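Asker: Given only the sequences and the hints, what does the whole structure look like? Please build it.
Residue numbers (full-length UniProt numbering), protein chains in the order written: chain A, 1 to 409; chain B, 1 to 144.
No lab work stands behind these hints, which were simulated from the structure alone.
Bear in mind the structure is a predicted one, so any value in this text is a computation, not a measurement.
List of simulated lysine to aspartate or glutamate pairs, EDC-like, C-alpha gap at most 16 Å:
no., chain 1, residue 1, chain 2, residue 2
1, B, Lys-121, A, Asp-352
2, A, Lys-400, B, Asp-7
3, A, Lys-265, A, Asp-255
4, A, Lys-8, A, Glu-39
5, B, Lys-19, A, Asp-341
6, A, Lys-370, B, Glu-64
7, B, Lys-84, B, Glu-137
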Amino acid sequence: MNAKELKKYFPILDQEVNGHPLVYLDSAATSQKPVQVIEAINSYYRTSNANVHRGVHTLGNRATDLYEGARDKVRRFINSGSTKEIIFLRGTTTALNLVAESYGRANVGEGDEIVITYMEHHSNIIPWQQLAKYTGATLKYIPMQEDGTISLEDVRATVTSNTKIVSVMMVSNVLGTINPIADIAKIAHENGAVMVVDAAQAAPHIQIDVQKLDCDFLAFSGHKMCGPTGIGVLYGKEQLLNNMEPIEFGGEMIDFVGLYESTWKELPWKFEGGTPIIAGAIGLGAAIDFLNEIGIDAIEQHEHILASYALDKLSEIPDLTIFGPKSGQDRAGVVTFNLGDVHPHDVATVLDAEGIAVRAGHHCAQPLMKWCEVSSTARASFYLYNTEEDIDRLAASLLKTKEYFSDVF
Amino acid sequence: MSFNNLDQLYRQVIMDHYKNPRNKGSIEDGSVTVDMNNPTCGDRIHLTINVEDGLVTDAKFDGEGCSISMSSASMMTQAIKGKKIDEAVRLANVFSDMMLGKDYPEDLDLGDIEALQGVAKFPARIKCATLSWKAMEKGLQQEK
Chain A
1 MNAKELKKYF
11 PILDQEVNGH
21 PLVYLDSAAT
31 SQKPVQVIEA
41 INSYYRTSNA
51 NVHRGVHTLG
61 NRATDLYEGA
71 RDKVRRFINS
81 GSTKEIIFLR
91 GTTTALNLVA
101 ESYGRANVGE
111 GDEIVITYME
121 HHSNIIPWQQ
131 LAKYTGATLK
141 YIPMQEDGTI
151 SLEDVRATVT
161 SNTKIVSVMM
171 VSNVLGTINP
181 IADIAKIAHE
191 NGAVMVVDAA
201 QAAPHIQIDV
211 QKLDCDFLAF
221 SGHKMCGPTG
231 IGVLYGKEQL
241 LNNMEPIEFG
251 GEMIDFVGLY
261 ESTWKELPWK
271 FEGGTPIIAG
281 AIGLGAAIDF
291 LNEIGIDAIE
301 QHEHILASYA
311 LDKLSEIPDL
321 TIFGPKSGQD
331 RAGVVTFNLG
341 DVHPHDVATV
351 LDAEGIAVRA
361 GHHCAQPLMK
371 WCEVSSTARA
381 SFYLYNTEED
391 IDRLAASLLK
401 TKEYFSDVF
Chain B
1 MSFNNLDQLY
11 RQVIMDHYKN
21 PRNKGSIEDG
31 SVTVDMNNPT
41 CGDRIHLTIN
51 VEDGLVTDAK
61 FDGEGCSISM
71 SSASMMTQAI
81 KGKKIDEAVR
91 LANVFSDMML
101 GKDYPEDLDL
111 GDIEALQGVA
121 KFPARIKCAT
131 LSWKAMEKGL
141 QQEK
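Answerer: Okay, here's the thing in structure tokens:
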């Protein structure tokens, strides 16, 4: 994989920010988009825009083919057995909320348990908090190891026969930790619980095979994997989805409408109320084509190399603390750090003045921040278009930042 | 070491307030207590103010945040001490205008606060600077 060559497909990266060539290190928040994706959306609106599943006319059929074609690309991308299992939604948050509201309210009751971990993103915490409040169930947290990983012993100790749902992120957006989802799913199933996976940070970077993972639900967003914003996917096992009620009612999702009763379309459309996110799905399909051409395995390997390189480079900087797994092989392309006493916001502002975009804050993971005993951190995250030179720029600017603040203090 | 326009943001006075915050702590049995946070970044402030006969007699803050939010809180507590409630609230409005790059009355002596003018040029940091002022305004409105 040649990141320097791939960078050329991303027009946004070819610009100066504050007088310096842009170094974009915030792909865990959202990735940039290649021309292939921008063009697919552009071309859809220019040549094929129509509403889907209703028109007798040619454009309607064309739009439907493109939309359903994108669904099949997603199906193959995560190796699901059927497009009935692929629901297009707004993003990971919407997908997890659908599982909590529909499956959760029907299957979780008082005295039952919902199990998550300390490292979850808010979108995989709050739907379960709300579900626990609504049903009287207990929300339990699997503890974390010192190095920001999860041990299966802790999973076994937390999940019990009262557990109805286990929901865990596949890759941490803060620590880069890659969690052993297949093993956790096995423990969940042994206890009669369903396994939900937040794959928002996994889908862009590592191979997902829902059959190998044997997860029951899996959610991810298009915009973190070179696709547009506003499109996401919920995968669910067909038999579970069949027994679930929709939570959004209206056009597109109905079969027969009477005055007082209605029936729903079959899967997956019963969960896609209203005019669907047609251009978004087509854009996501184009993103998947783009990623497949490079190869997800190559992307994963590239990120391990960048993570290792960044860990080496950043650990040379005095007073810099790095959070999460020590080896780049054990993490996705995310490195979260703090620079001595300099507050992460101040670090991010100085880096921005150098044309380097990083994230500063709590990364939508306040319980994890508490666990790390910090209120916020700075985060550099990498993707297929980042190079070792980008990390050199980051390291050099961090040294300058340190010097700058030792001057002004 | 210089980062071209960064010196406009990180002025000496600001860094001094950040390193040596004035009025840090909490007033026991203060007449006003406000807790506020900035949910997007995790900055938080715990502000206590004492008001007697419509006059701010004391103000202290506690919290966590970046140099801009903490120095701004330090300057704010310094500025409102001895002021009438109306004057303090007016100051909060003036500060808000300053952050938006708007003109504000020149006759007003802002003292150290003027050093925060440069923040207006860094849109991402305006919320850091205004956190404590919003807390103060909220607290004093209740006292009115």
